[in-house]
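Put together the whole structure using the sequences plus the hints.
Protein chains in written order, with the working numbering: chain A, 66 to 472; chain B, 66 to 472.
Read the hints as simulated data drawn from the structure, not as lab findings. Computed from a predicted structure; not experimentally measured.
Computed beta-carbon distance windows for the label pairs: (1) A:403 x B:201: 53 to 59 Å; (2) A:468 x B:127: 28 to 34 Å; (3) A:213 x B:466: 31 to 37 Å; (4) B:428 x A:226: 24 to 30 Å.
Heads up, the beta-carbon is just placed ideally off N, CA and C, and yes, glycines get one too.
Protein chains: 2
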Amino acid sequence: MSRAQEQSRQRRCGDVRLRGFSDRASFEEAIAWLDVHGRPGLPAEDISVDAAQGRVIAEPIVAPADIPAMDCAEVDGYALRSAETEGATDYNPLLFTLNEPSHPLPLAGAVMVSAGAPLPAGADAVLPFDATQLKGATLEIFAAVAAGSGVERSGQQVRAGTALIESRRILRPQDAGLLRSIGIDRVRVVRLPRVRLVIAGPKAFTGHPSAGDANGPMLGGLIRRDGGMVETMNPAEPRCEAISQAIAEPGADVILVAGRTGTGPDDEAPLALAKVGELAIHGVALRPGGSAGMGLTGTTPVLLLPGDPLGCLCAYELLAGRLIRSLGGRSPELPHRVREAEVGRKIVSAIGFVDLCRVRLVDGRVEPVGSVEVGGLVSSVRADGFVVVPAPLEGYAPGARVKVHLY
Amino acid sequence: MSRAQEQSRQRRCGDVRLRGFSDRASFEEAIAWLDVHGRPGLPAEDISVDAAQGRVIAEPIVAPADIPAMDCAEVDGYALRSAETEGATDYNPLLFTLNEPSHPLPLAGAVMVSAGAPLPAGADAVLPFDATQLKGATLEIFAAVAAGSGVERSGQQVRAGTALIESRRILRPQDAGLLRSIGIDRVRVVRLPRVRLVIAGPKAFTGHPSAGDANGPMLGGLIRRDGGMVETMNPAEPRCEAISQAIAEPGADVILVAGRTGTGPDDEAPLALAKVGELAIHGVALRPGGSAGMGLTGTTPVLLLPGDPLGCLCAYELLAGRLIRSLGGRSPELPHRVREAEVGRKIVSAIGFVDLCRVRLVDGRVEPVGSVEVGGLVSSVRADGFVVVPAPLEGYAPGARVKVHLY
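Laid out in structure tokens, this is it:
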């Protein structure tokens with residue numbers, strides 16, 4: 066680290082308690098730090114195909130053999146020799162004898178087959194039932210059929226060795242079905258990130274007497290959405306020593322500490338991380354969520370999220386979630402559906418901060434819900450989604466086209 | 066039922082074995098039947114907020130009290146009387162005494178508060194730490210502050226009685242957080258549909274020696290995606306009697322029978338349903354998946370899905386999934402992300418059938434994968450999504466704009 070970098074780090078990780086943030090990392094610096102520590106991803110593991118739906122495939126899967134492996138009937142009907150059907154019409158039915166599937170097909174012989182069944186030796190076409198009539202063991206056929214008609218050739222769906230499922234794909238229901246149907250029972254997937262959740266903040270931000278903790282259930286749902294496994298560890302007392310212990314405990318791939326990141330005297334989460342690791346950034350030019358921080362304990366990334374639930378939500382969405390998705394082999398980008406729409410009512414934002422503005426779609430146009438400072442968690446509950454306003458902009462005027470990330 | 070309707074029903078539910086489908090219900094008729102039986106939805110149940118993320122809210126949730134319930138600090142800092150800060154600047158600091166939160170605020174008194182904490186009686190503003198310096202119990206302040214600055218007024222986020230979460234909304238992580246933070250621990254949600262899965266078809270459609278059943282794992286994943294709880298019931302022998310028994314067993318909200326819907330002699334699923342209920346439709350003008358059927362046992366809807374895995378997938382997506390989503394209180398529409406794009410290579414379809422064409426996006430343009438008849442499950446595995454071609458069309462020419470449902 067150069068002297069200038071070290072000075073910048075010290076300025077950005079200084080004690081902000083009773084002082085305030087003198088300097089914040091830019092949003093881009095925070096993202097760069099997260100990508101360095103998330104991009105390697107976690108190692109792969111072998112699991113059963115049945116358990117693998119929704120998991121991230123770690124290695125490309127190729128067809129181990131032709132699909133289908135042999136010529137098969139494509140329709141229900143009678144397998145026969147196409148040449149022998151020449152001239153058959155409604156007015157000139159031709160006669161065949163019904164045979165067992167196991168026998169070699171005799172001259173003018175036919176075998177009843179279901180779609181998907183192997184084609185009997187000697188047959189080259191399948192005539193559907195509706196062009197036939199069975200009388201005892203004698204089959205009348207009313208239509209001629211070309212060679213290959215009603216037949217799925219071996220390898221017609223795909224040839225042995227062809228790529229079926231690319232690496233980094235999330236396994237779909239039909240993928241699992243196909244793999245099972247070609248005898249593949251186990252697949253290599255990226256291991257699920259083990260995410261430790263340390264709730265260090267005070268419970269209430271609403272003044273309600275029976276208020277419970279908002280951040281635990283909220284972060285739990287978000288982590289699961291992003292493919293992480295949640296392990297909650299609540300320190301008995303949310304002070305420096307106990308938070309340090311919860312961070313230092315081994316066994317997690319990433320640690321989120323929620324709360325105690327601000328400027329109050331008991332905002333000891335950054336201190337707690339520095340004691341058992343390295344605080345790399347404290348304070349990000351992001352609103353809400355500007356008191357977020359990040360660092361390492363050993364090689365494990367630790368994210369500090371604000372205790373105020375809206376700040377916590379925003380810092381999770383734009384920072385922590387990205388790291389969890391990367392570690393699990395998913396795209397680091399936001400996982401929300403995106404809709405482009407026109408701004409209907411001015412979106413106000415602060416120059417120098419990336420702002421996460423909660424918005425509603427009213428008659429297809431974008432309107433802010435609350436404002437950057439005012440809103441609390443309610444604004445994100447009443448919103449249809451959010452717009453991310455880059456740091457150089459002071460918002461969007463009516464008529465601007467923006468991307469809405471839909472909740 | 067009028068005589069004409071009854072005749073139509075008999076024509077559509079006649080035995081197709083060794084004959085073929087003489088008539089099929091239109092796709093619209095099938096949808097109408099599904100909507101009649103799905104739309105009432107399932108009854109509601111009370112569950113904990115923690116378990117309710119991802120569930121469908123059954124009744125609107127309104128704020129039981131103002132949020133916040135009292136005036137709170139919006140920032141970390143010192144709560145004080147704004148009038149007493151008049152004239153304070155860097156060059157003219159004013160002196161305050163630091164007080165305990167429990168005492169009434171004396172003249173020129175200040176109380177240290179964290180964001181979210183209740184405002185002490187007498188204070189009307191919060192001055193952030195960075196405009197102050199604490200020396201023992203004496204506080205120097207370097208800035209004047211207006212009344213209300215740094216304060217979140219009671220009810221500022223939302224007033225008591227305001228709608229917070231509308232009915233039919235899927236509970237989000239931040240919703241769960243907000244409810245917990247205002248003391249709401251239980252919510253009313255739509256009961257999860259109990260979906261019985263009866264695998265009646267043969268295993269192999271690939272000719273692979275170690276082939277397993279594709280439809281069970283595939284349908285399981287799709288049902289879970291659509292919010293259903295899966296109960297698998299595999300008849301010992303996939304013949305009429307055993308299938309009837311699996312259908313007639315009580316305890317399911319909807320029953321899917323996969324396999325035995327075609328024209329072969331052992332395609333007895335329609336017969337099995339008719340024995341213990343009523344077969345309403347057998348054969349739908351849908352490709353792949355045209356041998357699908359539907360009916361009732363008692364008042365429970367029963368869907369018959371083709372055993373061929375691609376037909377099974379398509380009939381699930383366009384028919385069965387709609388019913389499950391409706392019963393669970395979700396939107397009946399397809400749950401996939403939709404992207405509009407231009408057709409790059411001709412999409413061929415059959416007039417008179419709704420076709421589900423698997424497609425790829427190549428340089429942003431839509432290209433078919435396989436064709437309607439050819440493809441098997443592999444085509445849906447190698448596709449990025451699908452296009453639904455309405456019955457009156459024979460496909461889409463290059464340059465047409467279509468909606469792609471993305472896998």
